[in-house]
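The hints should help you fit chain B with the ligand onto chain A, whose structure is shown.
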Amino acid sequence: MNASTSETQVPFTTIIGLEVHVQLQTLTKLFCGCSTAFGAPPNTQVCPVCLGLPGSLPVMNQRAFRLALKAALALDCNIASFTKWDRKNYFYPDLPKGYQISQFDLPFSTDGTLEVIDPKGTIGPCRVGIVRVHLEEDAGKSMHDETAGSGDTRIDLNRAGTPLCEIVTQPDLRSPQEARLWLNELKLLLVYLGVSDCNMQEGSLRVDANVNLHIPQPDGRIAKTPIVEIKNMNSFRSVERALVYETTRQWGVWQETHAEMGKTPKQTRGWDDPAGVTRAQRHKEESSDYRYFPEPDLVPVTVSSAQQAAVRSEMGEPPVRVRKGLETRWKISAYDADVLVNQGRQLVDYFEELATLIGDGKIASNWLQQDVLRTLNERGGTIEDFPVRPAALAELIARVNAGDFDTSRAREIFSEMLASGRSAADAVLSMGIAVIGDDELVALCRDILAANPKIVADVKGGKEQAAAGLIGHAKKKNPNINPGKVRTICIDLIRAMQ
Amino acid sequence: MTLSQQEVAKVAALARLALFDHELATMTSELSNIVGFVSLLEELDTTNVDPLAHPLDAENVFRDDVPSPSLSTAEALQSAPRHDGQYFLVPAVLGESGAA
Ligand SMILES: [Zn+2]
Numbered sequence: 001m002n003a004s005t006s007e008t009q010v011p012f013t014t015i016i017g018l019e020v021h022v023q024l025q026t027l028t029k030l031f032c033g034c035s036t037a038f039g040a041p042p043n044t045q046v047c048p049v050c051l052g053l054p055g056s057l058p059v060m061n062q063r064a065f066r067l068a069l070k071a072a073l074a075l076d077c078n079i080a081s082f083t084k085w086d087r088k089n090y091f092y093p094d095l096p097k098g099y100q101i102s103q104f105d106l107p108f109s110t111d112g113t114l115e116v117i118d119p120k121g122t123i124g125p126c127r128v129g130i131v132r133v134h135l136e137e138d139a140g141k142s143m144h145d146e147t148a149g150s151g152d153t154r155i156d157l158n159r160a161g162t163p164l165c166e167i168v169t170q171p172d173l174r175s176p177q178e179a180r181l182w183l184n185e186l187k188l189l190l191v192y193l194g195v196s197d198c199n200m201q202e203g204s205l206r207v208d209a210n211v212n213l214h215i216p217q218p219d220g221r222i223a224k225t226p227i228v229e230i231k232n233m234n235s236f237r238s239v240e241r242a243l244v245y246e247t248t249r250q251w252g253v254w255q256e257t258h259a260e261m262g263k264t265p266k267q268t269r270g271w272d273d274p275a276g277v278t279r280a281q282r283h284k285e286e287s288s289d290y291r292y293f294p295e296p297d298l299v300p301v302t303v304s305s306a307q308q309a310a311v312r313s314e315m316g317e318p319p320v321r322v323r324k325g326l327e328t329r330w331k332i333s334a335y336d337a338d339v340l341v342n343q344g345r346q347l348v349d350y351f352e353e354l355a356t357l358i359g360d361g362k363i364a365s366n367w368l369q370q371d372v373l374r375t376l377n378e379r380g381g382t383i384e385d386f387p388v389r390p391a392a393l394a395e396l397i398a399r400v401n402a403g404d405f406d407t408s409r410a411r412e413i414f415s416e417m418l419a420s421g422r423s424a425a426d427a428v429l430s431m432g433i434a435v436i437g438d439d440e441l442v443a444l445c446r447d448i449l450a451a452n453p454k455i456v457a458d459v460k461g462g463k464e465q466a467a468a469g470l471i472g473h474a475k476k477k478n479p480n481i482n483p484g485k486v487r488t489i490c491i492d493l494i495r496a497m498q
Numbered sequence: 001m002t003l004s005q006q007e008v009a010k011v012a013a014l015a016r017l018a019l020f021d022h023e024l025a026t027m028t029s030e031l032s033n034i035v036g037f038v039s040l041l042e043e044l045d046t047t048n049v050d051p052l053a054h055p056l057d058a059e060n061v062f063r064d065d066v067p068s069p070s071l072s073t074a075e076a077l078q079s080a081p082r083h084d085g086q087y088f089l090v091p092a093v094l095g096e097s098g099a100a
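Protein chains in written order, with my numbering: chain A, 1 to 498; chain B, 1 to 100.
Isolated chain A (complex conformation) (with noise of 0.2 Å):
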């Protein structure tokens, strides 16, 4: 390690590939009618096609491949303009059909891209290149509890069937941070295209990892380590945690065995969240044990570029040109816009209705980082449910900007609002704050300048800061008066004395 360099250097670089699987937002399953509802009870939403009962046979669902289709075409994929499924042979209890009806050598999508920038501009912008973009189906989910002492598995298979779109990107991440990154700019693309919504803890979105590290040799030859999978993540934040151990426990045992990517099998390990480390996992099938051969129930997808340009007229604003958008339209910071645009796209509406409203997008932002947020983080909810809707807001803004009250009142006045659902003059009257007339202020301002000679003389003597006490006193006269207000005419009252 190099003491003059001030950034942390490691001797390797970390590769990482990440295999995202989310669930499309469809009514129902990619095969048959059954319900993809989330929470229902358990093995109330299947059929004969989801069990795999002889003699079903599946029809593809066309909303589930249309939404497919706009996630690859959003990445930025080549589209086959001729695509099949095929069955992925494997045996487990939550699989009925004892196969899974995937895509193997013909997926329908190929080669796209998804850059990410990070606003605050501490990774560098990554550029990750997409493999494949593939439309699947789920299994049904299986639950062991070993605490109950029973030995039986429970399986639910309500989710079986469900449509997947399995997207798999090439090694091109080089930090856990910059996946984590990475993987927000793909979730927020994918909900902002209303394909999923990409809800973790309702299993609608799951990554698995691979990483290794690449190690420059003394002879110039560079060594690789055995790429290791990891699955169970459940959390972005648990991605990247699990991303830091394992580029750390593969550094570690580098350093022991010296052992290289091809000496030994690729290895699948499961994070433990609680534990925070990553725990070794039976051995995965290889591929080719999959057996895959062409679904003969399914009849191939024919896509034309007419088909291509429909999806890609519907298709939506990608959340990047959001953000340009809110930069250039409303002169906000990219830092600003990013923070918008990550709360989703009914939060961005509500901000440019804002802004619209008062004609400036900076104290919109504010407004809404400072106040709208901060409640929503406070109080849970939605900004569709958010109690003070853009037009009360902005009538409380144009108030404050009109200088009837300043942005602590405005702020009572607000929590006023939000807990009444008055509208701003509405609270304003509710909690007994008169608003001054300008004609009484200078009124008040005056008796205050004759009963406090000292202050007026220290103004008059240069001291500025002296108009301070005067606004104490103009409190205690009035308490709704708007102290910038007090002191601009105080100084000016003085200023016409001399």
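Treat the hints as calculated values from the structure; they're not laboratory data.
One or more of the hints may lead you astray.
From the derived model, a few chain A residues whose C-beta atoms are all more than 10 Å from chain B [claimed, not checked]:
(1) Ile-117
(2) Val-131
(3) Asp-172
(4) Phe-236
(5) Asp-338
(6) Gln-343
(7) Arg-345
(8) Thr-375
(9) Ala-394
(10) Ser-408
(11) Ser-415
(12) Gln-465
(13) Pro-479
In the BS3-like style, the derived pairs of lysine-lysine whose C-alpha atoms are separated by at most 30 Å in a straight line are [to be verified]:
(14) Lys-475(A) - Lys-454(A)
(15) Lys-362(A) - Lys-485(A)
(16) Lys-231(A) - Lys-10(B)
(17) Lys-10(B) - Lys-97(A)
(18) Lys-266(A) - Lys-10(B)
(19) Lys-141(A) - Lys-10(B)
(20) Lys-84(A) - Lys-10(B)
(21) Lys-10(B) - Lys-263(A)
For every residue, glycine included, the Cβ atom is placed at its ideal position computed from N, Cα and C.
Same frame as chain A, now just chain B with the ligand:
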């Protein structure tokens, strides 16, 4: 076409079939015959034949994303060797699902 006993043992393991050694021997010769029969197709010249993805001359068969009734839980579970009225029950499976 001759398969090795090792190949047949591997396929049997993947199919979750437990074979005795004498069964493995029989199976190896019988499977070799079947594969040998099918491999007659290799004699055909397919240089100018496009790969066939599906024997039916049909494409783009879709259904609309409209829910239809599912089975009741009782109906869904009725053929299961074991269930608890809510879930299918199977002997304890540990380790990862192969799904993905
Ligand atoms: Zn079904």
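Now for the hints, and whether the structure bears them out:
1. At the 10 Å boundary, the C-beta of Ile-117(A) stays outside the reach of chain B, the nearest C-beta of that chain being 30 Å off.
2. No Cβ of chain B comes within 10 Å of the Cβ of Val-131(A); the nearest lies about 15 Å off, and the non-interface call holds.
3. Separation of Asp-172(A) from chain B is adequate, the least Cβ-Cβ distance of about 20 Å exceeding the 10 Å criterion.
4. The beta carbon of Phe-236(A) sits about 18 Å from the closest Cβ of chain B, which is more than 10 Å, so the claim that it is off the interface holds.
5. Distance check on Asp-338(A): its Cβ is at least 32 Å (rounded) from any Cβ of chain B, clearing the 10 Å threshold; non-interface status holds.
6. Its beta-carbon lying about 28 Å from the closest one in chain B, Gln-343(A) satisfies the requirement of being farther than 10 Å from that chain.
7. Chain B leaves Arg-345(A) outside its interface by the beta-carbon criterion, the shortest separation being 22 Å against a cut-off of 10 Å.
8. With a cut of 10 Å on Cβ distances, Thr-375(A) stays outside the contact zone with chain B, its closest approach being about 36 Å.
9. With a least beta-carbon separation of about 39 Å from chain B, Ala-394(A) lies farther than 10 Å from that chain, consistent with its non-interface assignment.
10. Ser-408(A), annotated as away from the interface, keeps every beta carbon of chain B farther than 10 Å; the closest lies near 51 Å.
11. Every beta carbon of chain B lies more than 10 Å from that of Ser-415(A), the smallest distance being close to 44 Å; the non-interface claim holds.
12. Every beta carbon of chain B lies more than 10 Å from that of Gln-465(A), the smallest distance being close to 67 Å; the non-interface claim holds.
13. The claim that Pro-479(A) lies off the interface holds: its Cβ sits roughly 60 Å from the closest Cβ of chain B, which is beyond the 10 Å cut-off.
14. A hinted pair counts as satisfied when its Cα atoms are at most 30 Å apart, and Lys-475(A) with Lys-454(A) qualifies at roughly 18 Å.
15. About 22 Å separates the Cα atoms of Lys-362(A) and Lys-485(A), which keeps this hinted pair within 30 Å; it holds.
16. Under the criterion of a C-alpha separation no larger than 30 Å, the hint pairing Lys-231(A) with Lys-10(B) is consistent with the structure, at around 27 Å.
17. With a CA separation close to 21 Å, the supplied pair Lys-10(B) and Lys-97(A) stays within the 30 Å bound.
18. A distance of roughly 20 Å separates the Cα atoms of Lys-266(A) and Lys-10(B); the hinted pair therefore holds under the 30 Å criterion.
19. With a CA separation close to 28 Å, the supplied pair Lys-141(A) and Lys-10(B) stays within the 30 Å bound.
20. For a cut-off of 30 Å, the pair hint linking Lys-84(A) to Lys-10(B) stands: about 28 Å separates their Cα positions.
21. Taking the CA atoms of Lys-10(B) and Lys-263(A), the gap is about 22 Å. The hint holds against a cut of 30 Å.
Comparing the model with each numbered hint stated earlier shows that all of them hold.
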